[in-house]
Structures are given as structure tokens and as C-alpha cells.
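> For the record, the sequence lines run as chains A and B.
Count along the first sequence starting at 1, add 44, and that's the number in the working numbering.
Count along the second sequence starting at 1, add 44, and that's the number in the working numbering.
Hints are supplied without guarantee of correctness; some may be wrong.
[To be verified] Below, a list of computed lysine-lysine pairs in the DSS-like style, where the Cα atoms sit at most 30 Å apart:
| # | chain 1 | residue 1 | chain 2 | residue 2 |
| --- | --- | --- | --- | --- |
| 1 | A | Lys301 | B | Lys301 |
| 2 | B | Lys328 | A | Lys258 |
| 3 | B | Lys258 | A | Lys258 |
| 4 | A | Lys313 | B | Lys294 |
| 5 | B | Lys258 | A | Lys328 |
| 6 | B | Lys156 | A | Lys309 |
| 7 | B | Lys321 | A | Lys294 |
| 8 | A | Lys156 | B | Lys309 |
| 9 | B | Lys46 | B | Lys160 |
| 10 | A | Lys313 | B | Lys258 |
| 11 | A | Lys258 | B | Lys294 |
| 12 | B | Lys294 | A | Lys301 |
| 13 | B | Lys294 | A | Lys309 |
| 14 | A | Lys294 | B | Lys294 |
| 15 | B | Lys258 | A | Lys321 |
| 16 | A | Lys294 | B | Lys309 |
| 17 | B | Lys46 | B | Lys109 |
| 18 | B | Lys258 | A | Lys329 |
| 19 | B | Lys309 | A | Lys155 |
| 20 | B | Lys301 | A | Lys90 |
| 21 | B | Lys294 | A | Lys321 |
| 22 | A | Lys128 | B | Lys309 |
| 23 | B | Lys125 | B | Lys155 |
| 24 | B | Lys155 | B | Lys46 |
| 25 | A | Lys90 | A | Lys109 |
| 26 | B | Lys301 | A | Lys125 |
| 27 | B | Lys125 | A | Lys309 |
| 28 | A | Lys200 | A | Lys48 |
| 29 | B | Lys309 | A | Lys125 |
| 30 | A | Lys294 | B | Lys258 |
| 31 | B | Lys155 | A | Lys309 |
| 32 | A | Lys313 | B | Lys125 |
| 33 | B | Lys301 | A | Lys294 |
| 34 | A | Lys301 | B | Lys125 |
| 35 | B | Lys128 | A | Lys309 |
| 36 | B | Lys313 | A | Lys125 |
| 37 | B | Lys329 | A | Lys258 |
| 38 | A | Lys258 | B | Lys109 |
| 39 | A | Lys156 | A | Lys125 |
| 40 | B | Lys294 | B | Lys321 |
It is worth saying that the hints were derived from the structure and are not from the lab.
Protein chains: 2
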Amino acid sequence: MKLKDLDNISIIGIGLLGGSLGLAINRVFPRVRRSGYSHRRVTRDKALQAGVIDAAYPTVTEAVKGAQLVVLASPIGTFAKLMKEMADALEPGCVVTDVGSTKVLPVRWAKKYLPKKVEFIGSHPMAGSEQRGVDFARADLFDGAHCIITPTSRAKKVTVEFLLEFWQAIGMRISQTTPLQHDRILARISHLPHVLAMTLVNCSDSEQMLLCGKGFLDTTRIASGPPGLWRDILMGNAANTEAAIGRIIKELERVQKALRDGNEKAILKKLNGAQSKRNELIEKKLMLRELPGS
Amino acid sequence: MKLKDLDNISIIGIGLLGGSLGLAINRVFPRVRRSGYSHRRVTRDKALQAGVIDAAYPTVTEAVKGAQLVVLASPIGTFAKLMKEMADALEPGCVVTDVGSTKVLPVRWAKKYLPKKVEFIGSHPMAGSEQRGVDFARADLFDGAHCIITPTSRAKKVTVEFLLEFWQAIGMRISQTTPLQHDRILARISHLPHVLAMTLVNCSDSEQMLLCGKGFLDTTRIASGPPGLWRDILMGNAANTEAAIGRIIKELERVQKALRDGNEKAILKKLNGAQSKRNELIEKKLMLRELPGS
Numbered sequence: 045m046k047l048k049d050l051d052n053i054s055i056i057g058i059g060l061l062g063g064s065l066g067l068a069i070n071r072v073f074p075r076v077r078r079s080g081y082s083h084r085r086v087t088r089d090k091a092l093q094a095g096v097i098d099a100a101y102p103t104v105t106e107a108v109k110g111a112q113l114v115v116l117a118s119p120i121g122t123f124a125k126l127m128k129e130m131a132d133a134l135e136p137g138c139v140v141t142d143v144g145s146t147k148v149l150p151v152r153w154a155k156k157y158l159p160k161k162v163e164f165i166g167s168h169p170m171a172g173s174e175q176r177g178v179d180f181a182r183a184d185l186f187d188g189a190h191c192i193i194t195p196t197s198r199a200k201k202v203t204v205e206f207l208l209e210f211w212q213a214i215g216m217r218i219s220q221t222t223p224l225q226h227d228r229i230l231a232r233i234s235h236l237p238h239v240l241a242m243t244l245v246n247c248s249d250s251e252q253m254l255l256c257g258k259g260f261l262d263t264t265r266i267a268s269g270p271p272g273l274w275r276d277i278l279m280g281n282a283a284n285t286e287a288a289i290g291r292i293i294k295e296l297e298r299v300q301k302a303l304r305d306g307n308e309k310a311i312l313k314k315l316n317g318a319q320s321k322r323n324e325l326i327e328k329k330l331m332l333r334e335l336p337g338s
Numbered sequence: 045m046k047l048k049d050l051d052n053i054s055i056i057g058i059g060l061l062g063g064s065l066g067l068a069i070n071r072v073f074p075r076v077r078r079s080g081y082s083h084r085r086v087t088r089d090k091a092l093q094a095g096v097i098d099a100a101y102p103t104v105t106e107a108v109k110g111a112q113l114v115v116l117a118s119p120i121g122t123f124a125k126l127m128k129e130m131a132d133a134l135e136p137g138c139v140v141t142d143v144g145s146t147k148v149l150p151v152r153w154a155k156k157y158l159p160k161k162v163e164f165i166g167s168h169p170m171a172g173s174e175q176r177g178v179d180f181a182r183a184d185l186f187d188g189a190h191c192i193i194t195p196t197s198r199a200k201k202v203t204v205e206f207l208l209e210f211w212q213a214i215g216m217r218i219s220q221t222t223p224l225q226h227d228r229i230l231a232r233i234s235h236l237p238h239v240l241a242m243t244l245v246n247c248s249d250s251e252q253m254l255l256c257g258k259g260f261l262d263t264t265r266i267a268s269g270p271p272g273l274w275r276d277i278l279m280g281n282a283a284n285t286e287a288a289i290g291r292i293i294k295e296l297e298r299v300q301k302a303l304r305d306g307n308e309k310a311i312l313k314k315l316n317g318a319q320s321k322r323n324e325l326i327e328k329k330l331m332l333r334e335l336p337g338s
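So that you can see chain A by itself, here it is in the shape it has in the complex (with noise of 0.2 Å):
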């Protein structure tokens, strides 16, 4: 499959994620025909209307039917069903894809579910917000955001190439590494964020949240997200998030020390540490136009 050729892509799963690529994909292959599969009649009227596919059907086979790329962008949990029911009506040699924020799954169910003639590659397109719905879909979604795609040692080079063009047609940039090793970073830098969030939140009152200012805001804003999606990547990514958790657990007891013995040059070189590697972060993102407004 090289991608001159593709003229046929299916989204399964019509969110925020599976409309924003659909008007993206339409920005930038405007021949491309996208079809979309919802289980939910008014998601299916909303896209349409909303130019985000082609055409929309009720079922995996119908819509999956003459593809040449298969996207799997409905929630993680739903995507070992969705293989079983796709497998039959798979074209041969069509290429399956998948947005999900976990790797090391989707690979395994893939190889459990997915026939021989067709190849599956994991995606991880790293873009989306706490928000849910195709009402929210945005071609600029993607714009200069990273994503992960995770082949296996048996993946076609050619396919890998595909992929690779297509996510960077969409606007993304792209980074390459193994299901494994994309779950035990994401774990880190993903994972373990949302753990914090609603940690927080958790631990927090009520009433003294309300007094709460900006900074308590954006560092809980992703405890907002999708509780059901967020179990299925928590769970589906458990034993390194629990690694990840671990290491914070470790820190914080440094931390809590340092303010028992009233050691205040320990404090100084963590919220200085902090602050410099988050700057220069910062630097890093903007000088590769990766943040808005840069």
C-alpha cells in the first residue's frame, strides 16, 4: 500500500478523535472516500451533516467494506469486539490502524482477531481533550502534535512507510517504537498525569476547592476526562502505571522529609530543578512549533 494510491479510508468509531481525522483526512485528500462506522443513529446523522465522513453505517462490515486503511478510533475497550466483527469483511491486504493510548493491547488483540491477509500497526496520535463527541471535531486537531507508531518486528517496511506518510500528511509528527516501550513512557508521561489529577481532586474538600485559584484548575483539568476511557487505558496499561506511581510515591516521601527537617536548600533544588526542566521544555515545544500561538 503506498499512499498515492489510497482512496478509500474507514474511521471506526465517530468521536472526537474519528471526526477530527475525518475532516482532516478531508482537508488533505479531498478525493479520499471516508466511511464511518457508529453504533448510535444521531452520531451518524451528526457526521454527515457535519461533512466529517462520506458515508456512515450502522455496522463494522458494512463500513469497513472496500477500505484500504481501517482506523480504529472508538474507545480502547471496544476494539477487540470491533476486530472480531471487521475480520471477515476486511479487504486483503488492507492496512488497520488504531488511535488508542495504549499499544502493548490493541498489538495482542490484533494478532488474536485480525486475519493473515490483512497488517495492523498500532497509532497513537497524541491529540484530543477532555472533551467527547464529534461535536467537537476539529480538522487542526493533529496540527504539529506527535504521534506514536508502534510496529512489531513482523510489520512490512512498505506498511510502516504508509503509515508513517499518512499520520504526517494528517499534520503529526511522527516517533517510532515498540508497543512495550511506548506503554512504559505514555505510563509516565500520560498516565500517571491523570492519576495525579484525580488524586487531587479525591483528596480535595468540597467547599475549600471552591477558594481554589487558576493553578489548582489546569493542574486538575484532565481529571474532566472520560472516566470509562480513562479505566480501560489505566487498566490496559496497569502494571507500568503502577511503576509510575511508584517513583511519585518515592519522590513525595523526599519531599515530605525535606519540609520535616526544615531543609529548605533541598526544597529550593527541587522547585528549581522543576523549573528549569519544565522551561526548557517549554523552549523545546515552541521552537518546534508545537504549542498554540508558537
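With the hints as your guide, set chain B onto chain A.
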């Protein structure tokens, strides 16, 4: 002291908060004379040029002369020294307050260093950002934000009323509590989030962070705040902050256990709880018009 009689204010320290206060005062009380203190020539010049104050002085004794209200707006670590310096120059009957983020220590220093002829009541206007300096001063910085005032049992009712009306006139919502209770609450809703943001950055790998999305950036935004200021805040509220960290560690251990046990019901319950609790907070803040754009 009554608000209608106020015609001379002294702002000690002309950074983001002091500068914004100067601009806000001018908006609400255009006839009140604003004198300011900064030990830095460049800050005094900038403040005068930007109309943040009417007169700038390099010593606090000059700056507080004739003032009916003195507002300490420098970093909390400088308060004790500045109080000692201003003690003899303060007008009898003058009201002294501050904008520091902890309240037990400023109240203790005031009792120790300020003369009996003046009255000190601590204030904590909860506005600001990770930015610093008079360059970022804005007349609307305090609009709609909370200000906690912390009179002790010895405060005169008329003085409490005066201070309350002053911050209200500046555009703030007032809460009133004891210095002790203030510091306990702030440990949880402000100092703890800062520790978590700092700790998350310090536990992250610089290379891996480059892959992070908006969630990580928001969760860690406050870690870019000024380290010296935050050292003073955390050390000045060490016991409460340590206790707040302890609550977080206990809850993180429960999350770890749920992940280890594959207890997805427990994880979902925590995610649901945090989402609805935070969404309620946002709704209340929107209702109170405390959020930008609301």
C-alpha cells in the same frame, strides 16, 4: 479607618501583584495617592512610567510616610525585615496588610515587629500567575478572584470591615478565616498542587517529556513558578503541606493496589468521583463568574 477616608496607600514591592494592585487602585480610587517601594531602580522607573504608582522610593521608611494603608506585596521571605524597617515610620492608626500566600508567619512577624500604634491584618488575594514582575501588571488581575482575610481575635471590627471593603472595591470575593485555618486550607488547594506539579516534572525523563501532550503541560504549569517564592511558601507552611502530601501518598497507594488487583470497578469509581467533583467545581465557578469567559 473608613474606606471613604482613604487617600494615601503605600505598596511595598512592585512586582506582578504590587503593580497590578497599583493599577487596580487607580481604576477604583483615582484620587488616592499610591506610593511604592522597590529596592531596584529599574523597577521604580518602570512602575512610574507605566502609571502603576504615583511616587517610587528606594526605602520603605520613605514609602510608608503618610500612608493610611500599607500593603506588603514583596516575596514573603522579605516581610520580617521590611516590617522592622518600616516600624518607626508608620503613621499612628495605619492599617498594614500583605498579599502573602501563607498567613501564620506574617501574623506572627507583625505581632513581633510592628508597633502597637498600627494594626496588622493578613490578606491573601488569590490572584497571580507563573509570571513575575511589574511588566506583567494588569488592572484586572484581581477581578472576580478570592481574597482571604485572616484577622486575629484582637482585630478591631472597624478595621476588618475597612480591609474587607477595600479588597471588595478592587473586585475581589472575600472569605474570612483564621491564619491557622487559612494555612491548612491553602496547603491542600495551592501548596500541594505545586508540590505535585514539581514532583511530576522532577520524576520525568527530559527526552520522554518531549512527547508529552497538553495534559502534561497543564498539569505541570505551576512548576514554572518562581522557586525562591515557593521555597518560602512551602517552608512557611511545612507541617500542613507535609500532611497534605501524606493524604495524597495514601490515596496513591490505594490506586496502586486497585491497579495491581485488576480492580477496574475501584478505578472507575475513583475516575467517576474525580470527574463529577471537578465538573461541579467548574459549574460553581462559572455560576460565580470566576472563570475567564464566564
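> Now tell me if each hint is right for this structure.
Here is what the structure says about each hint:
| no. | hint | in the structure |
| --- | --- | --- |
| 1 | A:Lys301 <-> B:Lys301 | 24 Å, holds |
| 2 | B:Lys328 <-> A:Lys258 | 14 Å, holds |
| 3 | B:Lys258 <-> A:Lys258 | 16 Å, holds |
| 4 | A:Lys313 <-> B:Lys294 | 25 Å, holds |
| 5 | B:Lys258 <-> A:Lys328 | 14 Å, holds |
| 6 | B:Lys156 <-> A:Lys309 | 26 Å, holds |
| 7 | B:Lys321 <-> A:Lys294 | 27 Å, holds |
| 8 | A:Lys156 <-> B:Lys309 | 26 Å, holds |
| 9 | B:Lys46 <-> B:Lys160 | 19 Å, holds |
| 10 | A:Lys313 <-> B:Lys258 | 26 Å, holds |
| 11 | A:Lys258 <-> B:Lys294 | 25 Å, holds |
| 12 | B:Lys294 <-> A:Lys301 | 16 Å, holds |
| 13 | B:Lys294 <-> A:Lys309 | 26 Å, holds |
| 14 | A:Lys294 <-> B:Lys294 | 12 Å, holds |
| 15 | B:Lys258 <-> A:Lys321 | 16 Å, holds |
| 16 | A:Lys294 <-> B:Lys309 | 26 Å, holds |
| 17 | B:Lys46 <-> B:Lys109 | 19 Å, holds |
| 18 | B:Lys258 <-> A:Lys329 | 11 Å, holds |
| 19 | B:Lys309 <-> A:Lys155 | 28 Å, holds |
| 20 | B:Lys301 <-> A:Lys90 | 41 Å, violated |
| 21 | B:Lys294 <-> A:Lys321 | 27 Å, holds |
| 22 | A:Lys128 <-> B:Lys309 | 25 Å, holds |
| 23 | B:Lys125 <-> B:Lys155 | 13 Å, holds |
| 24 | B:Lys155 <-> B:Lys46 | 23 Å, holds |
| 25 | A:Lys90 <-> A:Lys109 | 22 Å, holds |
| 26 | B:Lys301 <-> A:Lys125 | 28 Å, holds |
| 27 | B:Lys125 <-> A:Lys309 | 20 Å, holds |
| 28 | A:Lys200 <-> A:Lys48 | 18 Å, holds |
| 29 | B:Lys309 <-> A:Lys125 | 20 Å, holds |
| 30 | A:Lys294 <-> B:Lys258 | 25 Å, holds |
| 31 | B:Lys155 <-> A:Lys309 | 28 Å, holds |
| 32 | A:Lys313 <-> B:Lys125 | 24 Å, holds |
| 33 | B:Lys301 <-> A:Lys294 | 16 Å, holds |
| 34 | A:Lys301 <-> B:Lys125 | 28 Å, holds |
| 35 | B:Lys128 <-> A:Lys309 | 25 Å, holds |
| 36 | B:Lys313 <-> A:Lys125 | 24 Å, holds |
| 37 | B:Lys329 <-> A:Lys258 | 11 Å, holds |
| 38 | A:Lys258 <-> B:Lys109 | 35 Å, violated |
| 39 | A:Lys156 <-> A:Lys125 | 11 Å, holds |
| 40 | B:Lys294 <-> B:Lys321 | 19 Å, holds |
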